[in-house]
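Engineer: Now for the letters of each chain:
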Amino acid sequence: MSLLKTKVSRRKFLGLTSGALASTLVMSNFGVLKKVGASEEKGNSKYGRKFVPSTCAICVNKCGFIAEVDNGVIRKINPNPKFFKSRAMICARGNAGAKVPYDPDRLKKPLIRVGKRGEGKWKEVSWEEAYDYIVDNVVKLVRKYKNRSTIAFASTEGFQEEYFIDLANIIGTTNTVRHPTLCLASNIQGYSSVFGTFPDADIANAEFVIIAGSNRAEAIVTPDTIDMAKNHRKQTLIYIDPRATKTTALADKWYPIKPGTDLALVLAMIHVIIKENLYDKEFVEKYTYGFDKLAEHVKQYTPEWAEKETEIPASEIYWLAREFAKHAPRSIWYPGRRSSFYANDVYYRRACAILNAICGAWDRPGGLIPKSKIPLRKYEIEFPIFDWTRDRIDAGKVPFLGDVLPEEDKTDAGLPTDSCQYLSEKDGSWILFREAILKGVPYPVKGLFVYKQNPVESVPNRKKTLQMLEQMEFICTIDVAMSDTAWYSDVVLPESTYLERWDPVHSLNGVVPIAVMRQPVIEPLFDTKSMFEIMCNLAHKFMERKDFWEDTSEEDLEMFKETCLKRLTKNPVKDFAKYQVSKYPGAFEQLLKEGVFYLSDKPKYGKTLKDGFRFKTRTGKIELYNVKYEEKGLHPLPVYTRHTDPKPGQFRFVVGRHGQFTHASTQNNPWLLEAYGDKENAVWINAKVAAKMGIKAGDKVKVKSPVGEQIVKALPTEYIRPDVVFYVHGFGRLSKGLSNIYRVGASDAEIIVDYMESISGNAAMHETFVTIEKI
Amino acid sequence: MSKKKWAIVLDDSKCIDCKACTVACKMENHVPLGMYFYRNWVAERTKESEFPMIKRMFRPSQCQQCENPPCVHVCPTRASYQTEDGVVLVDHEKCILCKYCMTACPYDARYVNEEIEAIDKCTFCYHRLAEGRIPACVETCPPKVRVFGDLNDPDSEVSKLVKMHDTEVLKPEKGTKPKLIYIKR
Numbered sequence: 001m002s003l004l005k006t007k008v009s010r011r012k013f014l015g016l017t018s019g020a021l022a023s024t025l026v027m028s029n030f031g032v033l034k035k036v037g038a039s040e041e042k043g044n045s046k047y048g049r050k051f052v053p054s055t056c057a058i059c060v061n062k063c064g065f066i067a068e069v070d071n072g073v074i075r076k077i078n079p080n081p082k083f084f085k086s087r088a089m090i091c092a093r094g095n096a097g098a099k100v101p102y103d104p105d106r107l108k109k110p111l112i113r114v115g116k117r118g119e120g121k122w123k124e125v126s127w128e129e130a131y132d133y134i135v136d137n138v139v140k141l142v143r144k145y146k147n148r149s150t151i152a153f154a155s156t157e158g159f160q161e162e163y164f165i166d167l168a169n170i171i172g173t174t175n176t177v178r179h180p181t182l183c184l185a186s187n188i189q190g191y192s193s194v195f196g197t198f199p200d201a202d203i204a205n206a207e208f209v210i211i212a213g214s215n216r217a218e219a220i221v222t223p224d225t226i227d228m229a230k231n232h233r234k235q236t237l238i239y240i241d242p243r244a245t246k247t248t249a250l251a252d253k254w255y256p257i258k259p260g261t262d263l264a265l266v267l268a269m270i271h272v273i274i275k276e277n278l279y280d281k282e283f284v285e286k287y288t289y290g291f292d293k294l295a296e297h298v299k300q301y302t303p304e305w306a307e308k309e310t311e312i313p314a315s316e317i318y319w320l321a322r323e324f325a326k327h328a329p330r331s332i333w334y335p336g337r338r339s340s341f342y343a344n345d346v347y348y349r350r351a352c353a354i355l356n357a358i359c360g361a362w363d364r365p366g367g368l369i370p371k372s373k374i375p376l377r378k379y380e381i382e383f384p385i386f387d388w389t390r391d392r393i394d395a396g397k398v399p400f401l402g403d404v405l406p407e408e409d410k411t412d413a414g415l416p417t418d419s420c421q422y423l424s425e426k427d428g429s430w431i432l433f434r435e436a437i438l439k440g441v442p443y444p445v446k447g448l449f450v451y452k453q454n455p456v457e458s459v460p461n462r463k464k465t466l467q468m469l470e471q472m473e474f475i476c477t478i479d480v481a482m483s484d485t486a487w488y489s490d491v492v493l494p495e496s497t498y499l500e501r502w503d504p505v506h507s508l509n510g511v512v513p514i515a516v517m518r519q520p521v522i523e524p525l526f527d528t529k530s531m532f533e534i535m536c537n538l539a540h541k542f543m544e545r546k547d548f549w550e551d552t553s554e555e556d557l558e559m560f561k562e563t564c565l566k567r568l569t570k571n572p573v574k575d576f577a578k579y580q581v582s583k584y585p586g587a588f589e590q591l592l593k594e595g596v597f598y599l600s601d602k603p604k605y606g607k608t609l610k611d612g613f614r615f616k617t618r619t620g621k622i623e624l625y626n627v628k629y630e631e632k633g634l635h636p637l638p639v640y641t642r643h644t645d646p647k648p649g650q651f652r653f654v655v656g657r658h659g660q661f662t663h664a665s666t667q668n669n670p671w672l673l674e675a676y677g678d679k680e681n682a683v684w685i686n687a688k689v690a691a692k693m694g695i696k697a698g699d700k701v702k703v704k705s706p707v708g709e710q711i712v713k714a715l716p717t718e719y720i721r722p723d724v725v726f727y728v729h730g731f732g733r734l735s736k737g738l739s740n741i742y743r744v745g746a747s748d749a750e751i752i753v754d755y756m757e758s759i760s761g762n763a764a765m766h767e768t769f770v771t772i773e774k775i
Numbered sequence: 001m002s003k004k005k006w007a008i009v010l011d012d013s014k015c016i017d018c019k020a021c022t023v024a025c026k027m028e029n030h031v032p033l034g035m036y037f038y039r040n041w042v043a044e045r046t047k048e049s050e051f052p053m054i055k056r057m058f059r060p061s062q063c064q065q066c067e068n069p070p071c072v073h074v075c076p077t078r079a080s081y082q083t084e085d086g087v088v089l090v091d092h093e094k095c096i097l098c099k100y101c102m103t104a105c106p107y108d109a110r111y112v113n114e115e116i117e118a119i120d121k122c123t124f125c126y127h128r129l130a131e132g133r134i135p136a137c138v139e140t141c142p143p144k145v146r147v148f149g150d151l152n153d154p155d156s157e158v159s160k161l162v163k164m165h166d167t168e169v170l171k172p173e174k175g176t177k178p179k180l181i182y183i184k185r
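Heads up: the sequence lines are chains R and E, in that order. FYI, the numbering for the first sequence is 1 to 775, going by full-length UniProt numbering. FYI, the numbering for the second sequence is 1 to 185, going by full-length UniProt numbering.
Bear in mind the hints are in silico, worked out from the structure with no lab data behind them. Keep in mind the model is a prediction, meaning the values are calculated, not measured. Any given hint might turn out to be false.
[As the list claims (entries may be wrong)] Derived DEER-like restraints, expressed as beta-carbon distance ranges:
no. : chain 1 : residue 1 : chain 2 : residue 2 : range
1   : R       : 126       : E       : 115       : 36 to 46 Å
2   : E       : 164       : R       : 632       : 55 to 65 Å
3   : R       : 102       : E       : 108       : 27 to 37 Å
4   : E       : 46        : R       : 308       : 46 to 56 Å
5   : R       : 102       : E       : 117       : 21 to 31 Å
6   : E       : 91        : R       : 103       : 26 to 36 Å
7   : R       : 697       : E       : 108       : 17 to 27 Å
Where a beta carbon is used, it is the ideal one built from N, C-alpha and C, also for glycine.
Extracted from the complex, chain R is given alone in its bound form (with noise of 0.2 Å):
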């Protein structure tokens, strides 16, 4: 590759993400950032009782709180009566918030590692010390390698998460890696290559929703999960899961279907409404493309066919089909998290879009909704070009791709054996990037930054993730708590926690868009600090060092110079929130008084419906048949492809959420524990299967995958499928800096195969078969 189409990738790159155009405001001395958080508060008196609004972190939905101060101390998190995307609530974790800053387990001084990775041996530094650390390793391994892209970093989304990414942009690397392949990224390709773009679902003003791999009751989404509910009188709500989690409270009627036959069910109810003529002629004529060969292709995919592939009665299907369309259109697919199923799920959430297409339940009420925003300012910075820097490494083909890949999946024609088809570019695909890591394949990746983000327990096969570790030379982990990859790394930097810091404006999109920031509730305890000061003084420290920047040009230096260092790093996080709404008058006085900004408290329906309107795909039209898949040499239509069952005596190992724990970073809250109700996980495993085969309540039996076992209790359950089992993530863990949760209960990391998705790069986690062994 020419290093003129590396610099050209690069500035597309850095297009992503946060920028500057300052406005001219006070050029604050350096060390006046520490406590750019508190300062604002000292006219105030730290005793006495106040109710500060603010934003919640412990998920992602952001919900709008009210904090009750008594005397510096946290006494409640209150919900915000006027944050009306969460309907006014906070759920257990939110409240239990109010505890993290007091968590005795929290990261309180940076720590340098002194013995062996893991080993659990730090020595205490200065914030100065751990810079020059830091720093230093950096800029040795940069320069060892004449390569920047060898420093990754890996992240999760995050109202700071911005800052991270301006790190990386300074340090000129190319390898960020995000969350989305590890959650959603099939299912935002799936949707986007039918509507191009990723909807909301609009359940306040539905009838009929229909959810399928998402478990609203339990992996609380706001404003969906309340709206179920609210609902729940009126509205029909289908459930389709192999397991009876607390959202079959919500249903009138349960599906366990056979896991892998999703999309059979979802192209048998469109065949159905198809050769019945109860799709939306009109919409469908006006806004789609490619009705005639969707007609024809699903002409094969009957409910009796379906009913052997799903288990799901052929009766059922026909009621599904119809009373969907007769919805319509307040009817919806639910497009839900948990996307990462199996490797087709692409196709499976196309096969979904389709359906609500054929049935005009698009940008209507009650219908899918393509997501409105609040704009907001903010600042274009110019990183430098860097001679050094590489294109990422889990991009363009990847001659390993069949090493995670499913045998099935390995031959299918439309499925690309050479490389992720859609690859973001900021996100990457967590299981290629681990694997091109591990391979060193197309060079060395040695150096790693983590924000947020949990690798050691949040990535399919944990074993992989140690050996990545272990191959790195320098790894840098900054966390409010003793993450498991923390515990792996070489120095650990401590965060303030949300409920101690100013974080920028961010704008929630959605069916009513939202805005919402963060300013501080408390003063930050301890030797803390966030992301943006991490950033800012990291920026400053390495421009201090000459010989990090001689594969740069000296304009391109200077306009870094001009635009990051003295326009992002010299004003404080408030002053660039107050920009980014200064369009809207009296918005920043709005967030910090009432916690909330909006222009509208109402959808807005059908924008796209308009004369004009162009949805973002190669025909401007809704692509039932996707051109541009066929030009890659995918499948333009979805089509099913039949996955291995378990053989006798194995399950399949599925994954799932539970309402006190978002994803592996609550578990060691002891009120979240206490309330998820005991002190350890427990693996499901239907009652009759576990009778058979002597297995009771309690006993400790091994899960056992081809890349690893745990000892876990047995939970003998009439809420799951003979042929599935499964426990809750985020048990088992590795750090002892965890201490509710080391070693405690099973991780599912240990034992989930890393498959993928390989046109979304998705992890696929429902790939895994085990067996069980009462020991």
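Fit chain E to the known structure of chain R by using the hints.
Structural biologist: For chain E alone, coordinates are given in the frame of chain R:
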């Protein structure tokens, strides 16, 4: 000023067992950690429960704030008492931890709080009522299963809900006249 009759009307068909109410209560009322210490709870009352015929149901509950409270009647020190507006409270200073009230309560709504060395239970967040605020469990609930208000006010939401729906109380045969009122499914 007319006398209040505070009550909670619940539509538990909306409950998803998210435990927001139980955690909010522990935070608001400094209820100690531990599963034997609680002012409110969510019970699973699944009826059909054999695969694949499953219908899960949840029932959140707490002290029923009985109009005819057995706990108050049996308390030897008058630590348990009823306020003017019908809320049953415990005066921690007077409590001698004899646990008669725990035995008398048909709803298992009381626990021993070792930190304050007294029996403790739901107060309808009485300290909040004085500030014109609603109980923490009511306020925080995602689908608003609980609605709090004054049954003596015909215009209150609780009064309207009771008028509009078929309702039931727990263990009516005990004659306790609970002021936790459940909307029938």
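Engineer: Each hint: holds or not?
Structural biologist: Checked hints:
Checked against the given bound of 36 to 46 Å, the beta carbons of residue 126 of chain R and residue 115 of chain E, roughly 39 Å apart, stay inside it. Range check, residue 164 of chain E to residue 632 of chain R: about 57 Å between beta-carbon atoms, so the 55 to 65 Å window is met. Checked against the hint of 27 to 37 Å, the pair residue 102 of chain R and residue 108 of chain E passes, with Cβ atoms roughly 31 Å apart. Range check, residue 46 of chain E to residue 308 of chain R: about 30 Å between beta-carbon atoms, so the 46 to 56 Å window is missed.
Between residue 102 of chain R and residue 117 of chain E the beta carbon distance is about 24 Å. The supplied range of 21 to 31 Å therefore holds. The hinted window of 26 to 36 Å between residue 91 of chain E and residue 103 of chain R holds, with their beta carbons roughly 34 Å apart. Restraint check, residue 697 of chain R to residue 108 of chain E: a C-beta distance of roughly 23 Å satisfies the suggested window 17 to 27 Å.
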